[in-house]
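Chemist: Assemble the whole structure, with the sequences as input and the hints as a guide.
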Amino acid sequence: MGLLSRKVTCNSHGQDSSYFLGWQEYEKNPYDEVKNPKGIIQMGLAENQLCFDLLESWLAKNPDAVSFKREEQSIFKELALFQDYHGLPAFKKALVDFMAEIRGNKVSFDTDHLVLTAGATSANETLMFCLAEKGDAILLPTPYYPGFDRDLKWRTGAEIVPIQCSSSNGFQITESALEAAYQEAQRKNLRVKGVLVTNPSNPLGTTMSRNELDLLVNFVTDKEIHLISDEIYSGTVFSSPAFVSIMEVLKDRKLENTQVWERVHVVYSLSKDLGLPGFRVGAIYSNDPIVVAAATKMSSFGLVSSQTQYLLSAMLSDKKFTKEYISKNHKRLQKRQNKLVSGLEKAGISCLESNAGLFCWVDMRHLLSSNTFEAEMELWKRIVYDVKLNISPGSSCHCTEPGWFRVCFANMSEDTLKLAMQRLKSFVSSISIDNQTHQDLKNMRKKNRTKWVFRLSFQSFHDREQGER
Amino acid sequence: MLSSKASSNCHGQDSLYFLGWQVYEKNPFHEVENPTGIIQMGLAENQLSFDLVESWLRKNPDVMGLKNKDGESVFRDLALFQDYHGMPAFKNELVEYMAKIRGNKVKFDPNNLVLAAGATSANETLIFCLADPGDAILLPTPSYAGDLKWRTGVEIVPIHCSSSNGFRISMFALEEAYERAQKLNLKVKGVLITNPSNPLGTTMTKDELQSLITFAIDKDIHLISDEVFSGTVFDSPCFISIMEAAMDSNLKRNTDVLSRIHIVYSLSKDLGLPGFRVGMIYSNNQTVVSAATKMSSFGLVSSQTQYLLSYMLANKKFTSNYMKRNQKRLKKRKEMLVSGLKKSGINCLKSNAGLFCWVDMRHLLCSNTFEAETDLWKKILCEVGLNISPGSSFHCSQPGWFRVCFANMNQSTLQVALRRIKDFVERSSFNYQQNGGSLSRKLISNWVRKLSSADREEQER
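Same order as they appear, the protein sequences are chains A and B.
Using full-length UniProt numbering, the first residue of the first sequence is number 1, and each one after it goes up by one.
Using full-length UniProt numbering, the first residue of the second sequence is number 1, and each one after it goes up by one.
Bear in mind the hints are in silico, worked out from the structure with no lab data behind them.
Among these hints, one or two may not hold up.
What the hints assert, rightly or not - Think about it this way: if two alpha-carbon atoms lie no more than 30 Å apart in a straight line, the pair counts; the simulated DSBU-like pairs of lysine-lysine are:
{"no.": "1", "chain 1": "B", "residue 1": "K149", "chain 2": "B", "residue 2": "K378"}
{"no.": "2", "chain 1": "B", "residue 1": "K187", "chain 2": "A", "residue 2": "K77"}
{"no.": "3", "chain 1": "A", "residue 1": "K93", "chain 2": "B", "residue 2": "K187"}
{"no.": "4", "chain 1": "A", "residue 1": "K77", "chain 2": "B", "residue 2": "K26"}
{"no.": "5", "chain 1": "B", "residue 1": "K69", "chain 2": "A", "residue 2": "K61"}
{"no.": "6", "chain 1": "A", "residue 1": "K153", "chain 2": "B", "residue 2": "K316"}
{"no.": "7", "chain 1": "B", "residue 1": "K26", "chain 2": "B", "residue 2": "K422"}
{"no.": "8", "chain 1": "B", "residue 1": "K69", "chain 2": "A", "residue 2": "K69"}
{"no.": "9", "chain 1": "A", "residue 1": "K77", "chain 2": "B", "residue 2": "K69"}
In this text the structure is predicted, and so the values were computed from the model without any measurement.
Modeler: Here it is as structure tokens:
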């Protein structure tokens, strides 16, 4: 049936990428402490599983919030019927307060500028529908979240042009990289509509410096384009430097009544800091009333369940709870990140220094057989199939340098993380022994060298595991 | 600097609809606090059976509290569950419920079901899968087109239906619409029907459905059947789903007939839960299912909601009882509206489903025009205090028809509404006779005839 749309037959949903393939492999053989201790450990999922106890304890103390009751009166009918795309007022109020609290109350948000959507996935796509279309481009710093290829491009028809960042300066955005990306878009005959940054960054786990933020504001002001700041990880900043929101920068520079004010938009969600991706709660915040109006109507295509809005409005209105949660969440994330970083260090692997997120940006360049993406893929496959860790290769995040991987730490128990680190350490040791062999084989014909080495390493690694031959 | 979508006004949201809403919001009827306020009769909501759902909820506090039958918390699993394949238990219950609504004459496979955040999301996603910007979808009028055009970029080409045959879709009208699209250089990708119909409240016959299927096969296009109101069929003839019609042996000879038929459903209308955002697409076309599944990322159903409703629908005693009683209540309420309107000399299209009636007020128009329809609508909104939906907002080709909802208010409110209509009609006819009237003879005699058939008492003025 050749009658389906081009969207269906193309593959710009991006789901053939390794990010999703690793996921599939994991699903076939998932690790379980008891039932499947040799299975693949999922380290490719940026989930926060560290604070469910706090949420469950709150739920136990507040049964009305899940029983459709307000002050012991049933409000079931009201919620069952509530499909107003302006969102539940009490929930929006609680959400803007929470967003402000995360930013140390250095900025405040107006509920009239907030649009609720079914997750940040929906928020980002909706924002793109409002700002761009076929023939337009959005500039995104690399490396970036693989899902953006689907969320920003698939149904909107817009293009992504990367802002190439490199390890030479910790992957920070530079003025020249911005300009180069802009020129590249022009060369491709694309109209640049804006820049989208994720701050804190996925996959880097770093917050943007004030310098970078200033640079961005200057750039979008100069080019008269939009700036989308996806601040979905803003609640996961666990150590200094403190999080600086784009809104704070605009406020500090007194840009409230200027043109750029209406061209800055923030995306948020409760999936990462509150660990509630299943509840589908996302939001767009914009100072442009036309964007707010259009996005509000578009949110009809992905509203948040009123049942969920009510539960979370009660939870986030409990300021004692939110204060405790934010503080404990930070502490636990920091502790867990430290464990990952030190575990990797023991394996001779370093990470980009990070202060946020649910993952580390890990430097495995020294483990590559060659400075190529093919080598990165080979290494990744070994880590998935042999070491049995599903981590995300930098190429799936459009990183320009091979050898970097995103490794998640907040979606498993401490013991599982320990085991993962042990597996990795063993793997690295085996490679270093094989690297000796590699040196000895240096005189072999160049063409076959890489293949030989990997075949040898592969075999000897297995030998070691099975204790045979 | 914004996209054309953001700056345009073609999000399909009718200005009259909004005007009505705004006026209502400023002065909403309340039995006690505002008895002269505007009564909302423009919202196709089912408020008649909440007590049944609430009774089930009271008996199942654990499910609400995100615990399983053993009293253990499943909060963690739900909090993390964002699989766009949907919760298996929920999909299993949904397909069974959908089959039950169809008298178990068809069976559905949960693997062919894609969840979406409401039918609004489901319809748009399906269009994204079946059509490219600039392609056309044929839609019978009158119907509710929602926001299908906005982000998908498709063109909606109407299939004109008229009161002459109860607004049924004729082959002639279908062919005419198809040709019109061709003349406009539009590639027709499919036909979208709503069955039972919104705003007509009628179900389609097997013949009609099979004609549509034959048409779709003949033109090599898709057929989308929005069956959102399938659970609101309260009277005969009983509901026949497009799937049932497609099972006919003659049609099955065309092996890919099932791959071009897609159903949209939701729990917003029969279960009265629009706030929970539960919609779905059902398709036998694996490519569509696969693409729609990925697209559902943009509008997944909250896991908290999937969990609650999977338990509710698993209770077969509850669903049987609900379906039976809900249908009875809908029937009773509809009959109340129909007979009340009749007493005012106003007829409705004969209907057996839905949460509304398609009301014939052509005889109340001062001229057979849409301007007159809008005038009448405004009068009914502002003077009579009823927010009803004018036929033009459903792209009806004939002026004078209105959709009037009956299931979103209690009985006494409906009675107030009917009384107001009666007073209005009498006032109008009285003024009419006073002013000598400027209508054609035909319309005057219509008036007189209707008055005679009304309560004799009222004539004494």
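Chemist: Each of the hints needs a verdict: does it hold here or not?
Modeler: Hints, verified against the model:
no. : hint               : result
1   : K149(B) to K378(B) : holds (28 Å)
2   : K187(B) to K77(A)  : violated (44 Å)
3   : K93(A) to K187(B)  : violated (47 Å)
4   : K77(A) to K26(B)   : holds (22 Å)
5   : K69(B) to K61(A)   : holds (20 Å)
6   : K153(A) to K316(B) : violated (43 Å)
7   : K26(B) to K422(B)  : holds (24 Å)
8   : K69(B) to K69(A)   : holds (22 Å)
9   : K77(A) to K69(B)   : holds (25 Å)
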